[in-house]
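The task is to assemble the complex, starting from two chains supplied on their own in separate frames and drawing on the hints.
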Amino acid sequence: MNKFINTSFGRVLVISFLLVLFWWLVVAVTQVPSFILPPPEKVFTRFWQLTDVLYPHFLVTLIEIVFGVLLGVSAGLIFAILMVYFKPVRIWLLPVLLFSQAIPVFAIAPILVLWFGYGIVSKVIMAAVIIFFPILMTSFDGLRQSSKDYLELAQSMQANRLSILFRIQLPAALPVMASGLRMAMVVAPIGAIIGEWVGSSQGLGYFMLYANARMQVADMFAALFVLCLLSISLYYLADQCLKKLIFWQQDNS
Amino acid sequence: MSACNVLASNLTKQNEYLVTASLKYEASQSYIYQNIELRLPLNQVTCLLGHSGCGKSSLLKHLVGLHKNACVNDLLIQTGVHSSLDVKGFQHELAYMAQQDLLLPWLSVIDNVLLAYDLKRPILKKKSQFNQALKSRAQEILEQVGLPDKADKKVFTLSGGMRQRVALARTLIQDKSIILMDEPFSSVDAITRDKLQQLSSHLFKNKTVLLVTHDPLEALVMGHNILHFSNKTEKETTLKTLEPMPLPNSLPPRNIGNEVSGYHGQLMQIMQARQ
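These protein sequences, in sequence, are chains A and B. Under the working numbering, think of the first position of the first sequence as 1443, with each following residue one higher. Under the working numbering, think of the first position of the second sequence as 24, with each following residue one higher.
Isolated chain B (complex conformation) (with noise of 0.2 Å):
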């Protein structure tokens, strides 16, 4: 991965990361973004919001390290000023969520829970060998997801939102600082949704997240930032970037009300002008 290049003007704050990357998939195609720039700083929610296809997924899977093949997969990753930060420290430093629950239908919910331990385990060991301390760890997080008495249920006895929690507790147990959500919610029902997360707000802190979302209002609920991923021309060039977005200033979870509301209009508004 050679890195692209960077404007003297970037300069990063010492609580943040400042990701610039590029991604082409064929030669012969156009990029799907070239030379973004993402901050996101330490210990806060970042909202990418963007209509369907836009490109956000795939900024969100560059970044986890998923455009192995691409033709162009340039990554760049600064933390403080100037000091530029190992892409493979920060993909190890990352849990990522994914869209749909990917739970593993053959495994127990305590199995699916401790999954990247159970993947890093030597292929001839036994799994019964799982330590104990890992075990309780995962029972205290499903107790923190609410499903405390699920450890031993198969998953295809579970609901959708059920699912997502046990998603979200193989996401916590990592004990990543990074966490990069893909839409994590957008398959549940609304109040499901909402309940999702209000929880997962506050097991966030300290945490460093990218959650892509289309939904405003999702970003209005958990984001300490929103970014935009919209287009911009100069030049008669279109360009990807990404764009502050007005939000309250309260801090997240907000709950759904009037001050929210006023806000995803004005957020609707804006990305319908931009579209």
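Chain A with its partners taken away, still in its complex shape (with noise of 0.2 Å):
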């Protein structure tokens, strides 16, 4: 039992229960209605009861994550590399990268379902832009300081640039990399979702919406719970991965 709770599934899995306790007490002492706060075992229930109907929705969010984290992780690395290459780049680009993120993603949400329409793609690419600013700034910070040292190294061996940034500066950068991606493995659900809020037929987000507007709160926090699983499962994956392919970085957590 001890060692099963020093996993950090097992960790989730305690901290999981402890908080349901904490939410069917409040229930259960302050008798609020249930179309304020559903007890925990109806929303169980109509979790339960709506898989059927759910997993369409939580495919569409899913699908929408997964592409606004590719889009978004590319877009800022490609970025990131340009601006430590050509000091231009980085001199004219970071004024309108650091205006761009002044702008609450929230405020141009319903010009991107204008642009983009009601499909997929606009959620993709809020999801995106949310992340895009994490990954660019942790990518070009990784980049920035890989060590002179090595570079210096490098540079007396005579080695191209492009065989520099491939084999040194970019394995160099990835454990400061890494904490963008674990970040932006968060966030990116709640580009999607505000997407889906704006504008959309089907996914999480638009289930949530239509369940409020019928005073359906158990669904909405069945939905909400599907939710919350699938950023973690997401988060956890990556982080795995990232674990994975940062062998050298040993913690120990």
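Rather than coming from a laboratory, the hints here were simulated on the basis of the structure. Heads up, a few of these hints could be off.
[Said to hold, decoys possible] A few chain B positions that, by computed beta-carbon distances, are all more than 12 Å from chain A:
1) Y54
2) P64
3) S75
4) H115
5) N154
6) P271
7) I279
8) M291
9) M294
10) R297
[To be verified] Mimicking DSSO-like on lysine-lysine, the simulated pairs with C-alpha atoms at most 27 Å apart in a straight line are:
11) B/K47 to A/K1529
12) A/K1590 to A/K1529
13) B/K143 to B/K177
14) A/K1685 to B/K149
15) A/K1685 to B/K177
16) A/K1590 to B/K255
17) B/K173 to B/K150
Ideal placement from N, C-alpha and C gives every residue a C-beta, glycine not left out.
If you want it as structure tokens, here you go:
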């Protein structure tokens, strides 16, 4: 039992159980009506009844998040490389990027839906936009901080720039980039859900809005539960992959 | 890179490189060194001795070609009488070993040793095609530096001394005739350092070596010649010059004993007096 609690999965289960217990207690003690806060058992019953309905919505949101992450990561990485290598790009692009981040993604969501339609594309772009900046900044920092000494060694070996980038700088930047990626995995669902709220006909966000309009609060919570599971699973998946990839960074957690 | 003024008196012997260099980082600042002359006898170890921050590492990096962005980075290299050598050609003939081991943690020991060849591999070509001759050469050199069974180990499993040995193997396998080293053994303990000094001295036969160090003892153990990076005041201007230092007549690697200790004291006194 002790061994199980010491795995991260075990800890997640324990803390979830405690939170559900707290939730149940709150409902039991305060007697709040179930259209404000439904008790956990009701949410889980609805979840069980709705699995067939929720599944296609879940798939849509999953696809939006996955493609959003792929798009955001590639865009962030490419711009980071350009900024590291070309000074004009760095000094001209950085203010623009900062400015673009000053506009809340929530504010441009309706415009994106207007431009890219009610389908998956606008949500993919929302997710990509929201993770672009953390990916860009961590990649940029990782690449820029790659130790000068390594670069000097490579230069003494008469290596060309491309070779240095792919064989030294990118792998060396991975640990820093990894933190950006982990952040992206958690934040990307926000982009997808906002997109779905603003305008869509499918996805978990759409389902929640739909249930909300009908005061089916238990359904909303069921969808929220699925969304939590999805985000957490994606995070753990990314985390495990990154740990395998960056095997030389041993953390002792 | 423009050549700097060379006086007629700067005759080089046939069997040495004569390097003349000037370096200034920013236009507004003063020179790190100006028209400094460094003689590197072929197939010998020349030790460049100096206190921290005197510019000795800058000179070494200058030779490697790492000061491309400096305001003034004149470099002239001559061999024989009046024949000036192409700086690029000189830089292609050298291998550089830095103060840190600079092993890449995601590569195995043997891949680290073969880094110079790996970096020349076309970007889309797979690594597995390293030719067998190179691999067995790497294995051979790993045996020479005393790590015969570590080829496939991950580098983060190695101790500091072992890592420095791998760095040494990486320097040697490049098969360059000139080796430039920047305090390569300063981060390991005294016993390991002595072992590494003896080992590298033996492996550096037939190589022209420039070893930058702040440790007079290291210079005495390894050097055929010792140069002191010092300030010389002439007509109220301070110039950086390289002054030859006394050293035993015996050939390196010298064991640390009475003779070396005596010279050690002498060198310390000279260095303190010049500061």
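Comparing the hints with the structure gives:
1. For B/Y54, the non-interface assignment is confirmed: its Cβ lies about 22 Å from the closest Cβ of chain A, beyond the 12 Å cut-off.
2. Under the 12 Å C-beta cut-off, the non-interface status given to B/P64 relative to chain A holds; the minimum distance is some 22 Å.
3. B/S75, annotated as away from the interface, keeps every beta carbon of chain A farther than 12 Å; the closest lies near 17 Å.
4. Distance check on B/H115: its Cβ comes as close as 6 Å (rounded) to a Cβ of chain A, failing to clear the 12 Å threshold; non-interface status is violated.
5. Every Cβ of chain A is farther than 12 Å from the Cβ of B/N154; the closest lies at roughly 18 Å, confirming the non-interface assignment.
6. Consistency note on B/P271: stated as away from chain A, and its beta-carbon is indeed over 12 Å from all of that chain's, at 32 Å minimum.
7. No beta-carbon of chain A comes within 12 Å of the beta-carbon of B/I279; the shortest separation is about 30 Å.
8. Its beta-carbon lying about 29 Å from the closest one in chain A, B/M291 satisfies the requirement of being farther than 12 Å from that chain.
9. Taking the minimum C-beta to C-beta distance to chain A, about 27 Å, the non-interface status of B/M294 holds against the 12 Å cut.
10. No beta-carbon of chain A comes within 12 Å of the beta-carbon of B/R297; the shortest separation is about 29 Å.
11. About 23 Å separates the Cα atoms of B/K47 and A/K1529, which keeps this hinted pair within 27 Å; it holds.
12. With a C-alpha separation of about 17 Å, the suggested pair A/K1590 and A/K1529 falls inside the 27 Å cut-off, and the hint holds.
13. The hinted pair formed by B/K143 and B/K177 meets the criterion: a straight-line CA distance of about 22 Å does not exceed 27 Å.
14. A hinted pair counts as satisfied when its Cα atoms are at most 27 Å apart, and A/K1685 with B/K149 qualifies at roughly 24 Å.
15. Between the alpha carbons of A/K1685 and B/K177 the distance comes to roughly 16 Å, so the proposed pair stays at or under 27 Å and holds.
16. Using a Cα cut-off of 27 Å, the hinted pair A/K1590 and B/K255 is violated, with the two alpha carbons roughly 32 Å apart.
17. For the proposed pair B/K173 and B/K150, the alpha carbon gap of about 20 Å is at most 27 Å, so the pair holds.
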